[in-house]
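Novice: Residues per chain, in single letters:
Number of protein chains: 2
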Amino acid sequence: MTEHSSTDNTTDELSDPVTEYEEQLNEVLADTNETAAGESTVSLELPSLGLSRRDFMKAGAAVGAIGSMAGCAGVMNNGGSSSGGTNQTGSGDVPDHFVPPGEHDEYYGFWSGGHSGDLRIYGLPSMRELTRIPVFNPEQAKGYGFDDETTQLLEDAGDFKWGDSHHPGLSETDGKYDGRYLYVNDKAHGRVARINLKYFETDAITNIPNVQSVHGCCVQSPDTEYILANSEFRTPLPNDGRDLDNPDKYVSLLSALDPESMEVLWQVEVDGNLDIIDTDKDGKWALSSAYNDEEGVEVEEMTKNDRDFVKAFNIPAIQAAVDAGNYREVNGIPIVDGTKNSSLNQGDEPLVRYIPTPKSPHCVEVTPDGKYGMVAGKLSPTVSIIDIEKLSTEPDPANVIVGQPKVGLGPLHTTYDGRGHAYTSLFIDSQVVKWDIETAINSPKASEEAILGKIDVHYNPGHIQAVQAMSTEPTGDWLVVLNKLSKDRFLPVGPIYPDNDQLIYIGNDKDDETGGMELVSDHPVYPEPHDAIFASKEKISPATTWDKADYEGEKEYVTESNSRVERIDDETVEVYTSVKRSEYGLRDFRVKEGDTVKLTATNIEGSQDIVHGLAIPEHNVHLALAPQDTRQATFTADKPGVYWIYCTYFCSALHLEMRSRMIVEPRS
Amino acid sequence: MTEHSSTDNTTDELSDPVTEYEEQLNEVLADTNETAAGESTVSLELPSLGLSRRDFMKAGAAVGAIGSMAGCAGVMNNGGSSSGGTNQTGSGDVPDHFVPPGEHDEYYGFWSGGHSGDLRIYGLPSMRELTRIPVFNPEQAKGYGFDDETTQLLEDAGDFKWGDSHHPGLSETDGKYDGRYLYVNDKAHGRVARINLKYFETDAITNIPNVQSVHGCCVQSPDTEYILANSEFRTPLPNDGRDLDNPDKYVSLLSALDPESMEVLWQVEVDGNLDIIDTDKDGKWALSSAYNDEEGVEVEEMTKNDRDFVKAFNIPAIQAAVDAGNYREVNGIPIVDGTKNSSLNQGDEPLVRYIPTPKSPHCVEVTPDGKYGMVAGKLSPTVSIIDIEKLSTEPDPANVIVGQPKVGLGPLHTTYDGRGHAYTSLFIDSQVVKWDIETAINSPKASEEAILGKIDVHYNPGHIQAVQAMSTEPTGDWLVVLNKLSKDRFLPVGPIYPDNDQLIYIGNDKDDETGGMELVSDHPVYPEPHDAIFASKEKISPATTWDKADYEGEKEYVTESNSRVERIDDETVEVYTSVKRSEYGLRDFRVKEGDTVKLTATNIEGSQDIVHGLAIPEHNVHLALAPQDTRQATFTADKPGVYWIYCTYFCSALHLEMRSRMIVEPRS
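Those protein sequences? They're chains L and E, same order as listed.
Here the first sequence is numbered in this note's numbering, starting from 174 and rising by one per residue.
Here the second sequence is numbered in this note's numbering, starting from 174 and rising by one per residue.
Fair warning: there could be bad hints in the mix.
It does not matter which identical chain is used: a pair holds within one copy or between any two.
BS3-like mimics (lysine-lysine), calculated; alpha carbons at most 25 Å apart, straight line [what the hints assert, rightly or not]:
no. : residue 1 : residue 2
1   : 712       : 349
2   : 710       : 349
3   : 457       : 563
4   : 771       : 334
Note that these hints are calculated values from the structure, not bench results.
With the hints as extra help, turn the sequences into a complete structure.
Specialist: This is the structure:
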């Protein structure tokens, strides 16, 4: 056991974690003065904390300041208004973000719920949450993990009671969102889930062998041939008790899944920890940010060296190696050796190229035109621009980095407007910086020439996303920045605060302080959305009722006249009931104490939005039945008595009277 | 078993549940032409379905029409704009509902989540969800049902995996919200929960004996002496297998809980099913709506008679009866006989008065001045006005009803602006009607003289609530109507639609079609908020960090220097770790395969909003640690290997590197 000893913290005598953290980060940042390319990239001037945030911004906006970091609430109380101006609805030439009653939003937003484990669907620009889709989280309102099918789905996926969804990716055809599926990872486990966008339901979860945690996850452009998943944590392989104290034998893997079968096709072993992943638009290169090239197990070890290496995976070459049998098999999965020294990486067509960057870069996002991959520095104030074409032509991996603008402190993620601009979130500066891509390429590394403007955000942004920026069709109007802290922005709700998702209009290119960015609205969000992806409403066409053909042969469509009870044996009963407004097909049914009851229920309504519930008190049964849907629940009737089955979705004026009665007879 | 046999429904040949339902409701409504008082209250003219909704409104707005009911989507497609006008933000003399970035809402809204089982906190007028509080639902983001304490809380409350929260009530002192607690029922089980508004957390759940389902639930005004809970479902007493086929022996109970200890003090048995409950402002009378005076078990039986009876409970008299020992005890709870024919109801001070109303009334809401209780007709187009003072003075129960305005079809709930007006939701008409209380009292029963205006809502409203209308301090500005259906109002999200909560401004009294009501905004909500209660921001003062004095002696506050592992015996290990930005106090710890691990973790941060998570992959462990909070989790380390503990709340630039390592050694 290793303990970290320092002064104790007590309520009476709190040490100041803010100061501690600043000192720590100061050291870390000081180390980053040398980039991979050798240029000095930051002259860090840590201002004293006595300055207010607003003073900072006046004093030295270009370099930024640590003062905006987490925990400085004391000096920022109500330091509200943005440098982007007051930005009331509809002011100036910003289109109205308010969607009036009865009108629809323009875009769908798909938010990963983070450690809520779900997916959240928003409308943009109203930023209203339209619904949530439970993914890794059993969830009662939609009966997810309560009916037999979804219970089985979760059990087969490891029977974990929670998950941590991070990076949603929409399926693509020809580089455009095709509205079929959404894929999302589970960072708490080695899992990837698929959401069926016909029904807005999770329809598959794969528990990937050999992997403890999937972090980065993406759909391969342009035609969704693979789903790519990065295992973040390095663990023994297999993780069965071996190599516990040999961290150098731990491994991190890229996994490729088949988007239809959701089976794991192959894995690639690499050096260091894998982080975020994105692909080019041609089906060849997948780029992963990565940290801990040191392969340490503690934070000081992980951040010791000046450089880390972005991994560029040559997907067709990897597939060819697998096809040629150049792998070992662990737990049934072919694993290709993509480590630095692998013989497979030495030829003209290496499987994995290692691109040196400043230490601990956090992300890769590829431009909509497929030309560049932007690697945000995190601990370096720069973004490294990777020229994707050079990955195939340039022998020296350092030379594929064709630009490295200095953007500000704590750059984490980058998005695009399709007009040649990049927008990068600055975690430490609590800002978004807008910069020009071609200017950055044509400027000296570590220069600020490409910067078009900055805008304050509130506070500590992580992911940032503009509409359709992950496809070849960015719309260039709205951008959302997912801030990790909200502090003073909303009414207080106890010690666990909401995050703050902010909507910024980016449709105007102006020669002002913000480069035309305008902060439009703040939105508190339940912990903790991690990332989001947006699609035009024309791209998504969900069903409004179920099509029973989709479950024909698997589940019986129960009509009113075939509502019935069938005793299978002395301990098993099958119960079939239709459901419609005001009545269940079975007004009552009898079972015996201890019976296993297999209940099948069909909502026979044909009209949209007439959903019914089927709840049985004290039996943990709740089915959510959309029109024409059939669900099943198997449970034990273990207590004699009368149990009133009722409808949970308020459905009609006689909703309260809509009941069935389960009579459980004593066995005696 | 009873089956309801009619034509089968299939996709190819769908019967029309809408038509069926209309016919059914038509019959039901025809039956209500006679009120309890004998007057004709509705001349029902069912228009043909060929008319569009808008035509309806032109044709006969006063009487209303069935056409607006659920399921008529086909004829209402995009029939969007409200009769209240276009109502863009800030139009006319309606204050802006948009809260600009950095500014705060004026009011807290506490929404019951319905069969989501949670409580949702909104800001008004922005209608932004500020957070959610898990109540009856295990929920991972806040670690509810994941740490030992909340796991035990849920287990002790019956170990049910879900609940159905319906009616939130804020604790009061002197008739005003005091910001201490919120209480809410579980309709799926016989439970009432308490939320501690210091920490915005559920701190108690009582599983009430003898009760299968709590529906109505309220705080007794003016000083929260009791929490009152209505059991809706009539069941055998005790429900242990006896009286299965004797529905006349089933009972429904009012339960009284102590607001501090959350213990059940006593119960009162009544005839019929209990529904919603509210109290006067003097601590004497509690009024419950009720249905099924017939004591039937099927919908036709339940709605057979013309009358039902609101129950008026004389709380001091009931307490006196309990104190005098006039009860029987079942499962340890004193049960007083409050049935119609009970001897306790025959004297000058009956425990329960039975007030005749038209059949199946749905609700009671008492006016802020405590004078009247409004009973919405549901199947009658009227609201019955109960004069609360007359409950103590008027011998004939029918005479306590001092007014009965005809308001429209499907009246369900009523709220108030403090200026003498009532606002009633009309489920079938999909409208809100504003009416004058004194005019209604001074007009003939079943007349429309008191009606000041109506506004369309979208669609099928249930609860309706104005700010602070449940206290003695209504603010009279904003009203929210919780619509059960949304149909065409939002981008489609699959077969399970969101509900639609609509914000209406009621600060203007105008002589126009709507009486000055203006529809301001639509808000999609996850299924299925049931009710809401609003309080001024001055009334609520949550803590921003934990006070460790609140758990002193129960849990150890773990500092960095006392982070440690203690082996208790060969199979039990206690692990203690501090948590702060970038590091756990324990960088790693070792346990043996099969060990029971009791983990204690303290977030030693002193700054607001610096929350940390503690997640252990593959072990179902997730703790959410607010600043200064300590949580515990007990689990089995059943698989040898390396497990990376990580922080789920993105907390610093070194968040990704913030990890601890659990090393599980093989036993062998």
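Novice: Each hint needs a verdict: does it hold in this structure or not?
Specialist: Each hint, compared with the structure:
1. 712 to 349: within (9 Å within a copy, 50 Å between copies)
2. 710 to 349: within (13 Å within a copy, 46 Å between copies)
3. 457 to 563: within (12 Å within a copy, 82 Å between copies)
4. 771 to 334: both (23 Å within a copy, 19 Å between copies)
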